[in-house]
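Enquirer: Starting from the known structure of chain A, arrange chains B and C with the ligands on it as the hints suggest.
Chains as they are written, first to last, in numbering that gives the first Met the number 0: chain A, 0 to 430; chain B, 0 to 369; chain C, 0 to 305.
None of these hints come from the bench; they were simulated from the model. Hints are not guaranteed to be accurate.
Stated by the list, open to error - Straight-line Cα separation of at most 30 Å, DSS-like style, residue types lysine-lysine; simulated pairs:
| hint | chain 1 | residue 1 | chain 2 | residue 2 |
| --- | --- | --- | --- | --- |
| 1 | A | K269 | A | K190 |
| 2 | A | K269 | B | K93 |
| 3 | B | K210 | A | K190 |
| 4 | C | K115 | A | K277 |
| 5 | C | K5 | B | K105 |
| 6 | A | K190 | B | K169 |
| 7 | B | K275 | B | K328 |
| 8 | C | K115 | A | K96 |
| 9 | B | K210 | C | K9 |
| 10 | B | K76 | A | K190 |
| 11 | A | K277 | B | K169 |
| 12 | C | K5 | A | K190 |
| 13 | C | K5 | A | K96 |
| 14 | B | K275 | A | K190 |
| 15 | B | K70 | C | K9 |
| 16 | C | K115 | B | K76 |
| 17 | C | K5 | B | K70 |
| 18 | A | K277 | B | K328 |
| 19 | A | K269 | B | K131 |
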Amino acid sequence: MKNFSFMRLSLWVYLAIFFAYLLGPLVIMSATAFNSPSFPRMTPWECLTFEWFSALFRDERILNGIWNSILVGAGTVVLSVAMGLAGALMLTQIWPKLRATYYTIIIAPILIPGVVLGISTLVFWDRINRMLGLGADSFLSNGLFLTIIGQSTFIASYCMLVLVARLQRYDIALTEAALDLGATHAQAFRKVLLPFMRPAIASAAVLAFLASFENYNTTTFTFGEYPTLTIELAQKVRYGITPAISALAFIIVVLTVFAALFNEASIRRKQLVAEARKKATVEELESGKLRLPGFLSSNAAAVALVVVACATVAVVGTASVYSPQQCIANVQEQKRLETEERIKELRRQRELRRQQQEEQGEAAPAQTAPATGSTGNNSGFGGVFAPGSLSGGSEAEPETEQEPQGNNSGFGNVFDPNALSGDGGESGSGN
Amino acid sequence: MSAGVGVDLENLWIRFGDFVAVRDANVNINGGDFFSFLGPSGCGKTTILRAVSGFLEPSDGRVLIGGNDMKGIGPNKRPTALIFQNLALFPLMKVWENITFSMEIKGASVRERRKRADELLDMIALPGQGDKLPSELSGGQRQRVAIARALCAEPDVLLLDEPLSALDLKLRQHMRTELREIQQRVGITFIYITHDQGEALTMSDSIAVMKAGVIDQIGNGKTIYNDPSTAFAASFVGENNVFRGKIKRIMGEEALIQTNRSGELVARISTANQGKMKEGDAAMMFIRPEAFALAPKGAKGTHFVTAKVNNEEFEGNVFNIFMEGDGGKELKVSIPNLGQSFEDHTGQNITLEYETKNAVIVPAGELAAE
Amino acid sequence: MPSFLKEFFKRNGTGMGSLMLGLVLFWTVGLIILPQLSMLDFSFRPNLPPPEIGGPKDVYTLENYKYLIYGPEGGSQDYNAVDLKVFFRTLVAAVCVTVFNLILCYPIAYYLAQTKGNHIRIFALMLIIPYWINEILRAFALRIIFGETGVLNNMLVGLGVFDTPFDFIRNDIALYAGLGYAYILLMIFPIYNVIESLDRNQIEAARDMGASWPMIHRRVVIPYAKPGISSGCTMVFMLSAGALAAPQILGGPSSLWFTQLIYQQFNDNSDWPQGAAYAVVLLVTCILLVLAVMRLFKVNMGDIGK
Ligand SMILES: Nc1ncnc2c1ncn2[C@@H]1O[C@H](COP(=O)(O)OP(=O)(O)OP(=O)(O)O)[C@@H](O)[C@H]1O
Ligand SMILES: [Mg+2]
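Just chain A, with the same shape it has in the complex (with noise of 0.2 Å):
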């Protein structure tokens, strides 16, 4: 009994750290939308502010990448709906001796890395151009032409596989059913199978957008002059993050939670309507005299949807007439004072390095050059900066016009190698 709850405990521990993995850094990256720092991070909190959504909204690249990512995404359905399923289809009819080897192939793009699909395509089509004599800015090296062909080559694998899961359940009799009663193939396909399958293929265009407003590896590949989000967010995360990129994905949050919370009360409402026919008598069925449950009763997950769609009103409401003006404004005074007493430390310690120097005369310029070259690593979080993409510093200098603040300090924390640890991150994204 003992060894039994302790093995419960230790699930429930386990079960607590997994989700703590999964979900902790979605919420904590919520959270740093609504702080004011301008690099996105929790702790220390300084100011609630609502301001990184309207920067968000004023982003002319993030909006584009919305459109251009929806665009992508409408012909990626499609084009991966109609393939996946006729490859399902074509999968539950083809010769018995070819079935392995076409489905070695239609399975096979989910295996092959994005990066290489993105390629392929990329090579393919510019040589296809190429021999049609076409020019480069034809059809065919549209960049909008080669993400939804590149996308659709693996996410129409992913269609297959959720379609053929129902097609298995389709009796074949249906089809030739309608056929006999005179329908031509294409009425038989539209009036029984196409019914049939819409659960399966409203899961697959739902499954298809996201694959494909998510992806990256591929698209980076072939966008061209269409930047998707993803691809516009990468540049983003890459050269300098701001808490916009927060306040996008808190509302992407949101959204997902949304759908995800109503796909779950409409399930338990369905349940619970069914259960209630079940237990209904004849006579209350037939006067229409059955009173079906209430929406929210006994359905955690309405419950769950009003409470969240409520706090999403209460919270844009606060966030209209909200002015975090003042807090900031002391924040900043503060941090002024800061900069200023390490300003003042700072030319304390380059008099008294002065005066070292003056006394060692040739070693202090082998101890400036590793300083500056760790600085470029640590600030900003170098770290992500590619060795070939030096440009990271000149891109994120535009940006100190627009967030003057907390940036006093960084020209004179450059030369401290003990203020790397401590305002480096900040500072470099600020810069």
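Expert: Just chains B and C with the ligands, lined up with the frame of chain A:
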């Protein structure tokens, strides 16, 4: 209604790869007939039906409907409607939508369709059930909906693939009469498939008995039952007792057969084999259980059979006696229960007699599996 | 027309049949087979400016593959140590991530599959939600946590575990955590699917006979779940070896992922054939590795994607 449209199969062959599913079938089905294909599982009945309805192209030979060759005409263009072995009702459509699917295809309005559905629902005795889903109906009701759906297409030929096999015995018997009534009412040709000889006999105008892709015999129920042309037909349709032997002498329509166990017996040569059998041919003689009568003990002659009784049972309408028979098969005798008294014969030898016209001789051949 | 094609069109109608066949051919040939072949072909060609393509200099060469092994011609080293190191490191790390993921996910998958109740659906939802959120954002979230001034460092320093923040990114811990994080669902789902169909009675019977939990898993559950496990492992391995976003965002400055090299060849050096050659090497190695492991554990290709 018209006299109906006939269906003809001419030298029909259907092969799947090397496997021959139907071998040289020749059948003429008269318009307005209730025609049955009767045969054991896997003998190619469904295959024939699919060739008639157009899902299969014949490998050889022709299918004619109303005298027209159907080659190259798809199932949706043929004047046939098929009721599938598993019914194949559209699960997501309501009953009335199912029934009037063929009208939807032709672009009929919802009002017309509703009206026609109501008529058909009345006909199949399911008034007011049109708004249910097929899954909410009982097996027999679903059955009738499938029939209504097929009839709504106004086919010239209705094809039914063992439609009653999924039902329980009571319902099956009820549906038999109902189907027959419907057929008589609408007057179109029904082609019915079954492996149940009772079904075939009760409903059909004509029956084709099939064995492993070959049509053994075609005829009306009485002919098939009383005058089988092959050993298979004789043993497959109804219960029968077989006596193996050799033809000893042919005497016009009758013949004397030297049986392996029961001495020399006289029987009628089946009509289809008249003039085709010679003395010395291996032959089989069949006598139905109910064609025997008890004879005085020790009676001898060419229409008496003597054997030892293994077992007896009382079935209500008949009294069954099981005796040692030919080739390991028991010889079964059914004496109608007319209120007479039965003594127990178990373990004794008894003698039976039959009338020559009730015993048929066919060439020796394969028997139907039990 | 061959008989099976005739049969096919008879079954599906000429119009629908052609549409279906067209889509399938477009997908399999136009999107899967030809592009891969074309990439393969391309990887054997020199990097030429567009006007010279198809010209006399456009001949097959092994240059691009040689480059991966020997480095630039006349280079100072005998071998292309940098790229080769990245290549092997990527493979080893991908294997580690796969193993880590398997160990992490197997208990969860087992628990989800063998427990009944409404809370399981909630758990499943919680599992799926992170995957509706952009891959980049997931990596970004981890970067916020693992950053030098990130939550984790603040916490650890605050608790006194470290005096100075620990550089999780430079030490690649963030990267491994991020890769593991990215593919949890892909590991859980196949395993879950298989274990769900395992009859509970089998487990109970084994327990009845006195088998311990580790024993039950080793002898009953794991053999049964093998197709799911191999399917999950294959996907996680292939995807993490081919990952690009997570290494770009979470990788340390001194340690590259092989896909980043490919990316550089394409975007920074504009050397497409070289990039294609690297991509071919990555693809072929991964496939061979997966096939070898599948051989070893006796799993079929048909099990993948179930
Ligand atoms: N598409 C096919 N490919 C290959 N062989 C087939 C095909 N369809 C049927 N057969 C074979 O043809 C034979 C006849 O099949 P059919 O379906 O006509 O039998 P049936 O008489 O309807 O049997 P049942 O009473 O069991 O329905 C069977 O041996 C079957 O295996
Ligand atoms: Mg059949």
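Enquirer: Run every hint past the structure and note whether it holds.
Expert: Comparing the hints with the structure gives:
Distance hint between A/K269 and A/K190 is fulfilled; the C-alpha atoms sit about 25 Å from each other, no more than 30 Å. Of the supplied pair hints, the one linking A/K269 and B/K93 holds, its CA atoms being roughly 20 Å apart against a limit of 30 Å. Between B/K210 and A/K190 the CA atoms are separated by roughly 39 Å; this puts the pair beyond 30 Å, and the hint is violated. For the suggested pair C/K115 and A/K277, the alpha carbons sit about 22 Å apart, so the restraint of at most 30 Å is met.
For the given pair, C/K5 sits about 27 Å from B/K105 by alpha-carbon distance, which is consistent with the 30 Å threshold. Restraint check for A/K190 and B/K169: the C-alpha separation of about 36 Å exceeds 30 Å, so the hint is violated. Of the supplied pair hints, the one linking B/K275 and B/K328 holds, its CA atoms being roughly 28 Å apart against a limit of 30 Å. Straight-line distance between C-alpha atoms of C/K115 and A/K96 comes to about 41 Å, which puts the hinted pair past the 30 Å bound.
Between B/K210 and C/K9, the direct Cα distance comes to roughly 29 Å. Compliance with the 30 Å bound is thereby established for this hinted pair. Between the alpha carbons of B/K76 and A/K190 the distance comes to roughly 18 Å, so the proposed pair stays at or under 30 Å and holds. For the suggested pair A/K277 and B/K169, the alpha carbons sit about 29 Å apart, so the restraint of at most 30 Å is met. Note on C/K5 and A/K190: the hinted pairing holds, with a Cα-Cα distance of about 24 Å set against a maximum of 30 Å.
Our distance criterion of 30 Å between C-alpha atoms is met by C/K5 and A/K96, whose separation comes to about 17 Å. Taking the CA atoms of B/K275 and A/K190, the gap is near 57 Å; set against the 30 Å cutoff, the hint is violated. Straight-line distance between C-alpha atoms of B/K70 and C/K9 comes to about 12 Å, which keeps the hinted pair within the 30 Å bound. Of the pairs offered as hints, the one joining C/K115 and B/K76 is violated, with about 52 Å between alpha carbons and a cut-off of 30 Å exceeded.
Of the supplied pair hints, the one linking C/K5 and B/K70 holds, its CA atoms being roughly 14 Å apart against a limit of 30 Å. Taken as a hint, the A/K277 and B/K328 pair is broken in the structure, with Cα atoms around 54 Å apart against an allowance of 30 Å. Among the hinted pairs, A/K269 with B/K131 is consistent with the structure: their alpha-carbon atoms are about 19 Å apart, no more than 30 Å.
Checked against the numbered hints listed earlier, the structure breaks hints 3, 6, 8, 14, 16 and 18; every other hint is satisfied.
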